[in-house]
Structure formats: C-alpha cells, structure tokens
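Residues per chain are reported as follows:
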Amino acid sequence: GNSVTQMEGPVTLSEEAFLTINCTYTATGYPSLFWYVQYPGEGLQLLLKATKADDKGSNKGFEATYRKETTSFHLEKGSVQVSDSAVYFCALSGTGNQFYFGTGTSLTVIP
Amino acid sequence: SAVISQKPSRDICQRGTSLTIQCQVDSQVTMMFWYRQQPGQSLTLIATANQGSEATYESGFVIDKFPISRPNLTFSTLTVSNMSPEDSSIYLCSVLGRAETQYFGPGTRLLVL
Chain A
167 GNSVTQMEGP VTLSEEAFLT INCTYTATGY PSLFWYVQYP GEGLQLLLKA TKADDKGSNK
227 GFEATYRKET TSFHLEKGSV QVSDSAVYFC ALSGTGNQFY FGTGTSLTVI P
Chain B
300 SAVISQKPSR DICQRGTSLT IQCQVDSQVT MMFWYRQQPG QSLTLIATAN QGSEATYESG
360 FVIDKFPISR PNLTFSTLTV SNMSPEDSSI YLCSVLGRAE TQYFGPGTRL LVL
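So the protein lines, in turn, are chains A and B. Heads up, the first sequence is in this note's numbering, so the first residue is 167 and it goes up one at a time. Heads up, the second sequence is in this note's numbering, so the first residue is 300 and it goes up one at a time.
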C-alpha cells in the first residue's frame, strides 16, 4: 500500500542554519510527491512538488529531489529564516488521486 | 491554482449541536475533498464530495455524522452532527487541480465544549 514516513519533530534551528526534513515513502506505481507547509493558524499551502524520478521541486529557497532508488523526498533549505517557522507535511498522490500525508514536522527558527 | 474559501473560519459550539461548514472555489473543479486535522496531528480524509451524488466516505466516517452536499462544481458543505468534544479539530476542504495537485482552503477551527 501507500504510505509516507516523515521525520519527527519538533525541530528548532537558529536563523541561517541548514534545514533537512527527511521523508520516505512506500507506493505502488509512480506517485507524485509533495511538500506542503502550514503556517500558524492557516491551512495547508503547496510548497513544492515533483512528479517523476530525479525531478527536483523548488520554491522559496526550499528544494526536494524525488529519489526513486531510496524512495525519498527530503526537504532542504540552505539558510532558514524566522518566517519559515511552520509545520511541514510530506505527501504522495496515489491511484485515484488519493493523497497520503506524513505526520508533519514542526519547525521553529529562532533569531 | 484555485482560490478556496471556507466559512466559518472558526467556531465554538456546544455538545449535541451541529455545525455546517461551507467551501467555495473560484473555478469549477471535478474533485473536492474534506479532511480533519485533530490537534497536533496530520490530515485524515473524511470523504470525497461528489457532484450530484452521495459522497464517498473513508473508513471510520459515516454519512449520519458527517453529511456532505455538493450541489455544483464550485461549492460543497460538510456538517458535523451531534458534536462532542472529540470533534474539536480543524476541518479543511481541498480541490484537485492540475497535475494531480491538491489545493487547500484555510480551514475551519472548531472547538466543542
């Protein structure tokens, strides 16, 4: 079946630190992979996505590469800001457009 | 991407009452979904809202508790019936856009006392 396993938080970093949030998946077929971000008090926003192996999604300085060989889609950012404090969700789109979400990773960036 | 609005944005309700949440999209979409996000948890799919027919519910969710309407391709409602404190959650609607991407509304924050 389909599932997403996401690095547990919470994660606390200093401003300008390097961020990695690990995400691995199990899927039948060739799913699309997504990272969503949820800022405090808001709904989920699409951060980036990749639709096939070796694709790299990027947005707002965040990147993630679809690695079929390791079934991973780790989120990275070279220099985090206080405004990046949020909860990050990894997700995959399976057959029938069913989405599978990870448990979310809370990130707090301190000045 | 679609622009999605939800009403109300938040509410505090008494146990035993019902609340209807509205979801409006600025363009016609084929697929709309309702999710629940319990405090500190990930998203759980409640149902797929089907236009012109009954919603398709996920395991653990039933129509009597969460009736859904989808009268057209831009609007849907979710009712949380006979509420208890365990129903306190964020309720999110989403739509399926291009390239298999889901877009989410801002959510409705519900507290049941």
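Keep in mind that the hints were calculated from the coordinates and are not lab data. Keep in mind that this is a model prediction, so the values were computed, not measured. Mixed in with the good hints there might be a few duds.
[Stated by the list, open to error] Only pairs whose alpha carbons sit at most 25 Å apart, straight line, appear in this in silico SDA-like list of lysine to any residue:
| hint | chain 1 | residue 1 | chain 2 | residue 2 |
| --- | --- | --- | --- | --- |
| 1 | A | K243 | B | K364 |
| 2 | B | K306 | A | P206 |
| 3 | A | K226 | A | G262 |
| 4 | A | K226 | B | K364 |
| 5 | A | K218 | B | S300 |
| 6 | B | K364 | B | T347 |
| 7 | A | K243 | B | S341 |
| 8 | A | K218 | B | L395 |
| 9 | A | K218 | B | A301 |
| 10 | A | K226 | B | V302 |
| 11 | A | K226 | B | A398 |
[What the hints assert, rightly or not] With the C-beta cut set under 7 Å, the calculated list includes, among others, these residues of chain B facing chain A:
| hint | residue |
| --- | --- |
| 12 | D325 |
| 13 | V328 |
| 14 | S341 |
| 15 | P370 |
| 16 | F374 |
| 17 | P384 |
| 18 | L395 |
| 19 | G406 |
| 20 | L410 |
[What the hints assert, rightly or not] Heads up, incomplete: computed chain A residues facing chain B, CB under 8 Å, no partners named:
| hint | residue |
| --- | --- |
| 21 | P176 |
| 22 | L210 |
| 23 | R233 |
| 24 | T274 |
| 25 | P277 |
Every residue gets a Cβ at the ideal spot worked out from N, C-alpha and C, and that includes glycine.
Exercise for the section: Could you grab the alpha-carbon distance between K226/A and K364/B and see if it respects the 25 Å cut-off? Expected result: Distance ~40 Å between K226/A and K364/B Cα, so the pair is violated.
Problem - Evaluation of the interface hint that places L210/A against chain B, nearest CB under 8 Å - result: holds, 4 Å
Exercise for the section: Go through the hint on P176/A and say holds or violated, using the shortest Cβ distance to chain B against 8 Å. Expected result: violated, 10 Å
Handout entry: Proposed interface contact between R233/A and chain B, which counts if any beta carbon pair is under 8 Å
Key = violated, 19 Å
Problem - Restraint check, 7 Å cut-off on beta carbons, for D325/B near chain A - result: violated, 15 Å
Practice task
May I ask you to test the interface hint for P370/B with respect to chain A, counting a Cβ-Cβ separation under 7 Å as satisfied?
Solution key: violated, 21 Å
Handout entry: 25 Å Cα cutoff - pair K218/A, S300/B
Key = Holds: K218/A and S300/B sit about 21 Å apart, inside 25 Å.
Practice task
Against chain A, run the beta carbon of G406/B and see if the smallest gap drops under 7 Å.
Solution key: Hint on G406/B: holds, closest Cβ of chain A at ~4 Å, below 7 Å.
Practice task
Starting from K364/B, check that the Cα of T347/B is at most 25 Å away, please.
Solution key: holds, 15 Å
Exercise for the section: Starting from K243/A, check that the Cα of K364/B is at most 25 Å away, please. Expected result: Distance ~42 Å between K243/A and K364/B Cα, so the pair is violated.
Handout entry: Closest C-beta approach of V328/B to chain A relative to 7 Å, hint status
Key = The hint is violated - V328/B has no Cβ within 7 Å of chain A, the shortest such distance being about 12 Å.
Practice task
Please verify that hint: L410/B, Cβ, nearest Cβ of chain A, below 7 Å or not.
Solution key: Interface hint status for L410/B: violated (14 Å vs cutoff 7 Å).
When each numbered hint is compared with the structure, violations occur for hints 1, 3, 4, 12, 13, 15, 16, 17, 20, 21, 23, 24, 25.
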